[in-house]
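> Okay, here's what each chain looks like letter by letter:
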Amino acid sequence: MIRHLAGKVGGALVSLLFVVALGFLLFRVIPGDPVVAMTRGRPVTGDQLAELRARLGVDKPLDEQFVDYLTAALRGDFGTSYVYSRPVMELIGERMWPTILLTGTATVLAVVLGLWLGIRGAWRRGSRSDRISTGAALAQWAMPTFWLGMLLSLATGDLFPSGGMRYPDTPPDFLSQALDVAHHMVLPCLTMIAVVYAQYLLVMRSSLLEEMHADYLTTARAKGLRDDLVRRRHAVPNALLPTVTLVFLHLGLVVSGAITVETVFSWPGLGLLTYEALTGPDLPLLQGTFVVLAGAVITMNVFADLLYRVLDPRVRAS
Amino acid sequence: MSLLELRDLSVHYQGARGEVTAVRSVSLALEAGRTLGLAGESGCGKSTVAMSVLRLLPRNARVEGQVLLDGEDVQTMSWGRLRAVRWAAASVVFQGAMHALNPVHRVGEQIAEPMRLHGVTGSVSELLDQVELPARAARAYPHELSGGQKQRVMIAMALACAPRLVIADEPTTALDVVVQAQVLDVLKRLVSERDIGLVMISHDLSVLASTCDRLAVMRNGEIVEEGPAREVIASPTHPHTQALAAAFPTVGDPASRHVTPADAEPSGAADRPVLLRAEGLRVDYGSTKAVAGVDLEVRAGEIVALVGQSGSGKTTLARTLLGLQRPTAGRVLFEGAELPRSASGLRAYRRQVQLVLQDPTSALNPRHSVYEAVAEGLRIHRVDGDEAERVAEALSHAELRPPELFFSSLPHELSGGQRQRVVIAGALALGPRLLIADEPVASLDASVRGEILALLLRLRRDLGLAALVITHDLGLAWTIADRVAVMYRGELVEQGTVEQVLLSPQHEYTRTLLAAVPHHGVPEPDRTGTP
Numbered sequence: 001m002i003r004h005l006a007g008k009v010g011g012a013l014v015s016l017l018f019v020v021a022l023g024f025l026l027f028r029v030i031p032g033d034p035v036v037a038m039t040r041g042r043p044v045t046g047d048q049l050a051e052l053r054a055r056l057g058v059d060k061p062l063d064e065q066f067v068d069y070l071t072a073a074l075r076g077d078f079g080t081s082y083v084y085s086r087p088v089m090e091l092i093g094e095r096m097w098p099t100i101l102l103t104g105t106a107t108v109l110a111v112v113l114g115l116w117l118g119i120r121g122a123w124r125r126g127s128r129s130d131r132i133s134t135g136a137a138l139a140q141w142a143m144p145t146f147w148l149g150m151l152l153s154l155a156t157g158d159l160f161p162s163g164g165m166r167y168p169d170t171p172p173d174f175l176s177q178a179l180d181v182a183h184h185m186v187l188p189c190l191t192m193i194a195v196v197y198a199q200y201l202l203v204m205r206s207s208l209l210e211e212m213h214a215d216y217l218t219t220a221r222a223k224g225l226r227d228d229l230v231r232r233r234h235a236v237p238n239a240l241l242p243t244v245t246l247v248f249l250h251l252g253l254v255v256s257g258a259i260t261v262e263t264v265f266s267w268p269g270l271g272l273l274t275y276e277a278l279t280g281p282d283l284p285l286l287q288g289t290f291v292v293l294a295g296a297v298i299t300m301n302v303f304a305d306l307l308y309r310v311l312d313p314r315v316r317a318s
Numbered sequence: 001m002s003l004l005e006l007r008d009l010s011v012h013y014q015g016a017r018g019e020v021t022a023v024r025s026v027s028l029a030l031e032a033g034r035t036l037g038l039a040g041e042s043g044c045g046k047s048t049v050a051m052s053v054l055r056l057l058p059r060n061a062r063v064e065g066q067v068l069l070d071g072e073d074v075q076t077m078s079w080g081r082l083r084a085v086r087w088a089a090a091s092v093v094f095q096g097a098m099h100a101l102n103p104v105h106r107v108g109e110q111i112a113e114p115m116r117l118h119g120v121t122g123s124v125s126e127l128l129d130q131v132e133l134p135a136r137a138a139r140a141y142p143h144e145l146s147g148g149q150k151q152r153v154m155i156a157m158a159l160a161c162a163p164r165l166v167i168a169d170e171p172t173t174a175l176d177v178v179v180q181a182q183v184l185d186v187l188k189r190l191v192s193e194r195d196i197g198l199v200m201i202s203h204d205l206s207v208l209a210s211t212c213d214r215l216a217v218m219r220n221g222e223i224v225e226e227g228p229a230r231e232v233i234a235s236p237t238h239p240h241t242q243a244l245a246a247a248f249p250t251v252g253d254p255a256s257r258h259v260t261p262a263d264a265e266p267s268g269a270a271d272r273p274v275l276l277r278a279e280g281l282r283v284d285y286g287s288t289k290a291v292a293g294v295d296l297e298v299r300a301g302e303i304v305a306l307v308g309q310s311g312s313g314k315t316t317l318a319r320t321l322l323g324l325q326r327p328t329a330g331r332v333l334f335e336g337a338e339l340p341r342s343a344s345g346l347r348a349y350r351r352q353v354q355l356v357l358q359d360p361t362s363a364l365n366p367r368h369s370v371y372e373a374v375a376e377g378l379r380i381h382r383v384d385g386d387e388a389e390r391v392a393e394a395l396s397h398a399e400l401r402p403p404e405l406f407f408s409s410l411p412h413e414l415s416g417g418q419r420q421r422v423v424i425a426g427a428l429a430l431g432p433r434l435l436i437a438d439e440p441v442a443s444l445d446a447s448v449r450g451e452i453l454a455l456l457l458r459l460r461r462d463l464g465l466a467a468l469v470i471t472h473d474l475g476l477a478w479t480i481a482d483r484v485a486v487m488y489r490g491e492l493v494e495q496g497t498v499e500q501v502l503l504s505p506q507h508e509y510t511r512t513l514l515a516a517v518p519h520h521g522v523p524e525p526d527r528t529g530t531p
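Residue numbers (this note's numbering), protein chains in the order written: chain Z, 1 to 318; chain W, 1 to 531.
A hint or two may mislead.
Stated by the list, open to error - Beta-carbon label-pair distances, calculated as ranges: (1) Leu209(Z) / Ser2(W): 56 to 64 angstroms; (2) Thr21(W) / His4(Z): 51 to 59 angstroms; (3) Ala178(Z) / Asn60(W): 51 to 59 angstroms.
Claimed, not checked - Some chain Z residues well away from chain W (every beta-carbon gap over 12 angstroms; in silico): (4) Leu5; (5) Leu13; (6) Ala54; (7) Thr71; (8) Leu152; (9) Asp180; (10) Tyr216; (11) Leu246; (12) Phe248; (13) Pro268; (14) Thr299; (15) Asp305.
Quick caveat, the hints were computed from the structure, so don't treat them as lab data. From a predicted model like this one, the values you see are computed outputs, not experimental measurements. Think of the CB as a built atom: it goes at the ideal place given N, C-alpha and C, for glycine as much as any other residue.
Extracted from the complex, chain Z is given alone in its bound form (with noise of 0.2 angstroms):
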C-alpha cells in the first residue's frame, strides 16, 4: 500500500514537472510581444522597451530564461505578474479561494443531483420520468456555458445579482457577508450545476443499468430484501464505483472549466483572472494559472486512485 501511494504520488510529481516546463514552452509560442501589450497606447522610446525587457528578463535567450523559470518555479516564484505588479503566487493564493468556494459547491450539489436523478433513471428505465430527466440534462449539458448563464441573469431579473461576489456596503458581520456571497454565487452556481450534472448523471444511469442484470441482485431479491433495500445496499455500492472516479477526475477540471462561468458573473476567481491574464497577455500569470489548474487535475487523479482503492476490495488486493 505505501509503495503503491509512493508510487503515486512520485507519478504525479513527474507529470507536475512536465507542466511546469510546458508552461513556460507553451507562452514562448504563441503570439504578442508582452512588452508592446503593456505599453500599447503609450509613447515610449526604443531605449525604455529595452529596459523594460531588461528588467522582466525576456532579452536573455531562452534556454537562460527557462533555467531561470524553472529554479523559481521549484521554490514556488512565478515571479511578478505584468499587469498586477504583484506576485503571481499572492495573486493565485487570493483568487483561489473564491473559485474553491464556487466550485466546490456546485460540483457537490451537481454530484447529489446527477447521482439520484441517474439512480432514479436506471431503476425505472424507459419509464416517463427517466425520458424527461436524460433528455434534459443531456440539453443542458449541450448548451454553451456562456449563454446559459446569459440567459439564467435574463431569466431571473434583477432577484439575483449578475456580477461580482459581494455589494460594497454590505456590514462587515459574518452573517451579512455570508448572505451577500451566497445571493451572489447563485446565478453562476446554477449555470455550472446546470452544465455538470447531465455527465453524473449518464455516467451513474449508465454503471447502474449494467449492474441490474447482475446475478448478485437475483441472489438479494431471492433472500427477501424489498426493493429499495436491493438497491440502496448491493445495486448502488456496485455502481458507484465507475462514478467515483469520474466524479474526482472532474474535479479538477471543474476548476478550469469555471473559468467560463467567472467570466460571465466576473465572479473574482481563478477563473477570471486566467481570463485577464489571456487578455494582455501576462505571462507569468497565465504559467502560474496553468500550472495551478493543471496540478489541480493530476492532485485530484491521484486522489480518485487512492479513493477506488479503498472502495474497491477487488483493486485493493492486486
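Model the placement of chain W on the given structure of chain Z, informed by the hints.
Chain W alone, transformed into the frame defined by chain Z:
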C-alpha cells in the same frame, strides 16, 4: 402435503417478437428430505421453473398454473408475505462460482444479511463450519475465494434461515471434478441431516444421478421423462434423455469410447513420427512453478488428452507449446526443430499448430461474419490462392454445409455448437498439422458435445490432424483420446494409453480424479483388474 408442488405451471415471456413460452404445463412434487433433479440443456426452461418458485422471474414473464409451497400458492401471495417466505421457507443456491455474490461486500455480511432481515438467530461461523469452511472465511471478499469456496459460501447462505426447501441451480457448473465432488457431498450431507427438500438443476445427468432420488428431464419447456433417478439413467426411454446420458460418458464403458482400435493403432502408434515434443519444460512465474519439468510427445495423427484440475498448469503448458509463453528452461520441438524465437518464425509455426479455445462465444468477434472470422487467419498469414474457396473448404471440413449459407452469418445467429465449428474452421483454414484445444466442449450443451468430439475424430481420420485436448473432464479423455497425460501441480504424474491410465491408474492423484467423477447408475467398471 408436499413441500413443493408445481401444478400445470406455464411461463411465457413477452418479447419484442411476441410471446415466447419457456415452460409448458410442468407438474412436479417434492417431499421433505428428498431430492429432485431437473435436467436439460440451456434454454430448456429449467432455470425458469426454479425462479418461478420464489417469483423471481423478470417483469415480462407471465405465469399460469400454481406453485404451491407447503400448500400455499406463491402466485397469489402479497408482496409482504412473499418477502417473508423468500429465503426463510425456501432458498436458492445460485451458481456462486460466477457472480451470485456481491463483489464489494464481505461474504460474512452476505450470509448474515438474510438472518438479520428475517430475524433469525444463528451464527455465521457455524454455517461456514457446516460447509467445511474456516470461520475466518467470513472476512473474505468473494474474489479472494476459489470457485469451490464461493459455492460453499452460497450453500451456507442458503441455509442461513434454516429453510425447508433449497433449490440449487447448476451448483457445480464451472467447478472441476474434485471440487465438484466435494460440493455435492456437502449438499447430500445437509439434505439428510436437516431433512431439507432439495431441487437440483443441472445439464449434467451424471451430477444429478449421484445426488437425486427422482429425476425429471426437460426439453423445450416440457418434461419429457420423469422417474426414479436410477431408472431414468439406466434405461432412458425418451431419445433426448438417451442423448443427454450418452454425452457424459462413463470412464471404462466401451460403449462410450469412440476411438476404435483401428483408429488408434493401425500400425502401432510408436511408428508415427513425433510432431510436437516438449523436453524438460519449466515455466516459473516469480516463485510459482506453473510448469515444473514436463516431457510430452504428440505424434502425427494422434489425439492426446492433457487432464488435470484447474490451477494444475495445463493452460500455461499449452501456451508454452504454442510459443505464446517463453519457457524458463527446457525446449519445445516441432518436427525435430526447436521453436523459433523470431516473430516471423513463430508465425510460420502457428500455421502448423492452431489453437481452439473453450468458449466460442468470446473467441469470436460478435461483429465479424463467419466468413471474416475464418478468413482472418488466411489474411494474417498471407495465404495465397482463392480466399473464398479456402474459407468454404474449411467450413465444410467443420461440417457447416453448405458453407456459402454461413458466410454472412454473425455469431449471435448461430447455436453454440455451430459457433465452435466456426472456431474450428478458422483453425482448419490454415491447414494445420496439430490442434491444441483448450476445453473444446466445456461450454457446449450435452447434445452438441458429442458432435464436436465426433468432428475432431473425423478430422483426424480424414486430414490426419493431431490434437492435444486440454480438459478437466476424464470422460472426454475416455471418449476420444489415444493417450492421456495427467497433470498435477505443474508435473505430468502419469502418462500412457487411455486404457492404461484410466482403467488401471498408477498414481494416487489419477485415482483421486477418477474417484471424483460422478457416475451413472450403470455398473462400475472393474478398476482393479488389468495391470
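> Are the hints correct? Go through all of them and say.
Now the hints, each set against the structure:
1. Leu209(Z) / Ser2(W): 56 to 64 angstroms: Given range 56 to 64 angstroms: violated, Cβ gap about 40 angstroms.
2. Thr21(W) / His4(Z): 51 to 59 angstroms: Distance hint for Thr21(W), His4(Z) holds at roughly 54 angstroms.
3. Ala178(Z) / Asn60(W): 51 to 59 angstroms: holds, 54 angstroms
4. Leu5: holds, 21 angstroms
5. Leu13: At about 29 angstroms from chain W, Leu13(Z) clears the 12 angstroms cut-off, so the statement holds.
6. Ala54: Non-interface label stands for Ala54(Z): nearest chain W Cβ at 59 angstroms, farther than 12 angstroms.
7. Thr71: Since the minimum Cβ distance to chain W is about 43 angstroms, Thr71(Z) lies beyond 12 angstroms and the statement holds.
8. Leu152: Check passes; 40 angstroms lies beyond 12 angstroms.
9. Asp180: At roughly 44 angstroms from the nearest Cβ of chain W, Asp180(Z) sits farther out than 12 angstroms, so the non-interface label holds.
10. Tyr216: violated, 4 angstroms
11. Leu246: Non-interface label on Leu246(Z) holds, nearest chain W Cβ at 18 angstroms vs cutoff 12 angstroms.
12. Phe248: It holds; Phe248(Z) is separated from chain W by about 18 angstroms at its closest Cβ, greater than 12 angstroms.
13. Pro268: holds, 43 angstroms
14. Thr299: Per Cβ check, Thr299(Z) is outside 12 angstroms of chain W; nearest 26 angstroms; holds.
15. Asp305: About 17 angstroms separates Asp305(Z) from the closest Cβ of chain W, which puts it past 12 angstroms; holds.
Violated hints for the displayed structure, listed by number in ascending order: 1 and 10.
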